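S.K.: As given, the protein sequences belong to chains A and B, one line each in that order. 1 is the number of the first residue of the first sequence in our numbering; add one for each residue after it. 1 is the number of the first residue of the second sequence in our numbering; add one for each residue after it.
Quick caveat, the hints were computed from the structure, so don't treat them as lab data. Just so you know, these numbers come straight off a predicted model, no measurement behind them. Treat the hints loosely; a few may be bogus.
Claimed, not checked - Derived, one-sided and incomplete: chain A residues facing chain B with beta-carbon distance under 7 angstroms:
id	residue
1	A75
2	L78
3	G104
4	E106
5	P107
6	A114
7	A116
8	L439
Said to hold, decoys possible - Chain B is nowhere near these chain A residues, computed Cβ spacing over 10 angstroms in every case:
id	residue
9	D58
10	P93
11	L95
12	L103
13	G164
14	H277
Where is the CB? At the ideal position from N, CA and C, for every residue including glycine.
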Amino acid sequence: MTTIALGATDIRKSYGPVLANQGISLSVGPGEIHAVVGENGAGKSTLMRVLQGIERPDSGHVTVMDRDVSFGGPADALAEGIGMVHQEFMLAPDLSLLENLVLGDEPVRWGRGALALIDWKSAEAQGRELAERIGIEVDWHRRAGAAPVHIQQFVEIIRLLRRGTRVLILDEPTAVLAPQQVNELFDLVRRIREDGTAILFISHKIGEVMSLADRVTVIRQGKIAFSAAIAETTGEEIASHIVDGAKPVTDEVKRGTPGKAVLEVTGLSAATVEKSHPLYDISFSVHAGEIVGLAGVAGNGQIELMEALSGLRRSIGRVELAGVDLSGLGADRRRAAGIGYVSPDRRQEGLAIEASIEENTIAGSHRSRPISNGLWLERSAMKRVALERLSRLSVKYGALHDRVGSLSGGNQQRVVFAREIAVSPQLLLVSQPTRGVDLNGIAAIHGILRDFRDAGGAVLLVSEELDELQVLSDRIMVMVRGRIVGTLGADADRREIGRLMVMEGAGA
Amino acid sequence: MIEQILASGVVLTTPILLAAIGGLVNRQAGIVNIALEGKMLSGAFVAIVISAATGSWLAATLAAALASTLIGWCFSLTITRLGANMITAGLGLNVLAAGAIGFLMSYAYGSSGTLRLPDVALLPHVFPQSVESVPLVGQLLANLDPLTILAVVAIAVLPFLLSATRFGLWIRATGNAAPVMRSVGLKPKLLQEASTAFAGFFAGLAGAQLALASIGIFNEGLTAGRGFIALAAFYFGRDRPWQTAAACLLFGLLDAAQIRMQTVGLPPRLIGALPYLMVLVALVVSQMRSLRRTQ
């Protein structure tokens, strides 16, 4: 009888001076769901990399099925039956789901080696059988990139099970799912548990941990801060251990008092690249002193709508900002008119990650006085403006000329906000503002958004975290397949929001 | 007239098609092979030298293919293992191949530009001369060489190879999402290397065909940009075998027509630019097509 399906004993791992794991021990048994929680940078991902054989620990050892093992690489961990479902799905988007299922372990009809003919019939039979066992339906011939996200996730889980995975590691699996899909996922995970599979569930959502896990371990600053059976603890207790005993900064829900319309969109449509949904006939408005949330399952056109409004994507239809027609204008003209943009992709689009903090803070203002005098940049003015902007949002940094990429996720995002808010826009388009930001950083960013709203600013907010939308927004619009399918008050039941998010037949 | 254009068009299509076959497999694995030109030239040079030395077209063709395979494999290592930029490395290889061949020609044979060797064995004709009496395609059949047949067979087999074999699936997965390959325990770099060696093999065959199809003389300008035309062909055909073959045939026929027109008295240099101009037009058209799809 196996007692430890996957275990870590006194794992230590450091990267230069950073002690990522300082003696972590935890284990998961067959048929058990063990949740691992902690803030970003607490050491969860390092531990997972060790358990998957991607990193070698400096000391300590890994146990699989009650045996000590030493992984030479990820292939060894895979051979031992350890499989991980990543946050970014590991499916090749242009291959079919069936091709993705068998990739790396193809059933063979004839021949051997690389030129062996793949037996697609038996591949499909295997896929169908596995899908049935965990209670889902899959159209195996669909292109993976065109399948809904939760199906992609399920296929990835099926792929691991097919290859004999006995320990399943799920890394923040619910981040991209709608509430109903989360329920489906949890049902599926519970069925897998019944088969005796051990499950490590990485999450930062305490509610999900409480409802799914059998056991929870909190990692803080590279050490185990807390570990208990779910039945013997509470959500509050877990939360307090995540943030070092201190009471976590909680968001006070405070609604705004909307004034006159700032953004008015009428009949906006935009074609998009084939991998997402085109926008179709979108009309809405955002008022001064109001945060409007845009909810939807990832990939239903929310990001595309933000890009269309900011001028980064071509669109037709009418866009007015405080009565001024901006239709057809490019991004620079729209910025000048008073639209600020916080990109969902901080590293590629939100910041010039290799450039300095100073340059990132003043970017966009470098073409006019006082920073530009028409010929060159005034270094002293640049420094003065940057310092002032950074202190306004209390960004923590070493020196102005440090790479912005050297800051933590939360401080990087504050730099983005410092830059966008400094030019006093009337409207902020904000996408995924707290992705990769730790708990206290999240509270600070929420504070920035509320302050902006309370000062009369209008905000359109996209987030995959429904909690975040409900805490911040005054109204929530739901988007499905490039259309807005409903608008609800911020206090609406999240099941109602979830129902709209997975509404079928909303598209053309 | 049509007969002749058809016949010489097919002869001119073959080297482009052979190179494009390798290039499209290579690109499906995620490597844009800009060095087809250099590998074709190396193949042609090796083919002439070995053909003169052994008197066997088969030995010469195999030697050309293997030499280019080796070059292709080494080339891929600079990209996969040393992190070279594939475009820069490819351009570098083209320059290196031309330079090294020029050096070898003057050092070993004391000739510059053109290499004439005695007893070069040319590619045989597959059918007896009597097929020339067949209407329309008679001349084409009479001129048919084994490498053209190989190219056609390869194009016919390729879709099956890519969709039904492990190797094909791995190649497509590598080009589409290399991290996925790694996550399922496969080695995408190895696949990229294999596909580049494959491209080298076919570029070598293309070179051998250029050198041994009719003249049996090596010239530094022998490939005349055909490696790049092949590149354009599989871009235009979006890496799909049949579409790529159609593009190659179009370029080959244009080339043949262009040679005909020169004899009619039109300015030869201007007409000579026609196939390259068509490549440009083809690329613009295909790009516009894909832009329209995304907007």
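S.K.: None of the hints should be skipped; say for each whether it holds.
M.R.: Each hint tested on the structure:
Because the beta carbon of A75 (chain A) sits about 5 angstroms from the nearest beta carbon in chain B, less than 7 angstroms, this interface hint is met. A hinted interface residue such as L78 (chain A) counts as satisfied when its beta carbon comes closer than 7 angstroms to some beta carbon of chain B; here the least separation is about 5 angstroms, so the hint holds. For G104 (chain A), the interface hint holds, since its Cβ comes within 7 angstroms of a Cβ in chain B; the closest pair sits about 3 angstroms apart. The closest approach between the C-beta of E106 (chain A) and any C-beta of chain B is roughly 5 angstroms, which is under the 7 angstroms cut-off, so the hint is satisfied.
Contact between P107 (chain A) and chain B, as hinted, is not supported at the beta carbon level, the nearest pair being about 10 angstroms apart and thus beyond 7 angstroms. The criterion of a C-beta within 7 angstroms of any C-beta in chain B is met by A114 (chain A), whose closest approach is roughly 4 angstroms, and the hint holds. Taken as an interface hint, A116 (chain A) checks out: its beta carbon lies about 5 angstroms from the nearest beta carbon of chain B, inside 7 angstroms. For L439 (chain A), the shortest C-beta to C-beta distance to chain B is roughly 29 angstroms, which exceeds 7 angstroms, and the interface hint is violated.
For D58 (chain A), the shortest C-beta to C-beta distance to chain B comes to about 24 angstroms, beyond the 10 angstroms cut-off, and the non-interface label holds. Chain B draws P93 (chain A) into its interface by the beta-carbon criterion, the shortest separation being 7 angstroms against a cut-off of 10 angstroms. Listed as a non-interface residue, L95 (chain A) fails to keep its Cβ farther than 10 angstroms from every Cβ of chain B; the least gap is roughly 6 angstroms. Here L103 (chain A) does not stay apart from chain B, with its beta-carbon only about 5 angstroms from theirs, under the 10 angstroms limit.
Distance check on G164 (chain A): its Cβ is at least 12 angstroms (rounded) from any Cβ of chain B, clearing the 10 angstroms threshold; non-interface status holds. With 10 angstroms as the threshold on Cβ separation, the claim that H277 (chain A) sits away from chain B holds: the shortest Cβ distance comes to roughly 13 angstroms.
In terms of the numbered hints stated before, the structure departs from hints 5, 8, 10, 11, 12, listed from lowest to highest.
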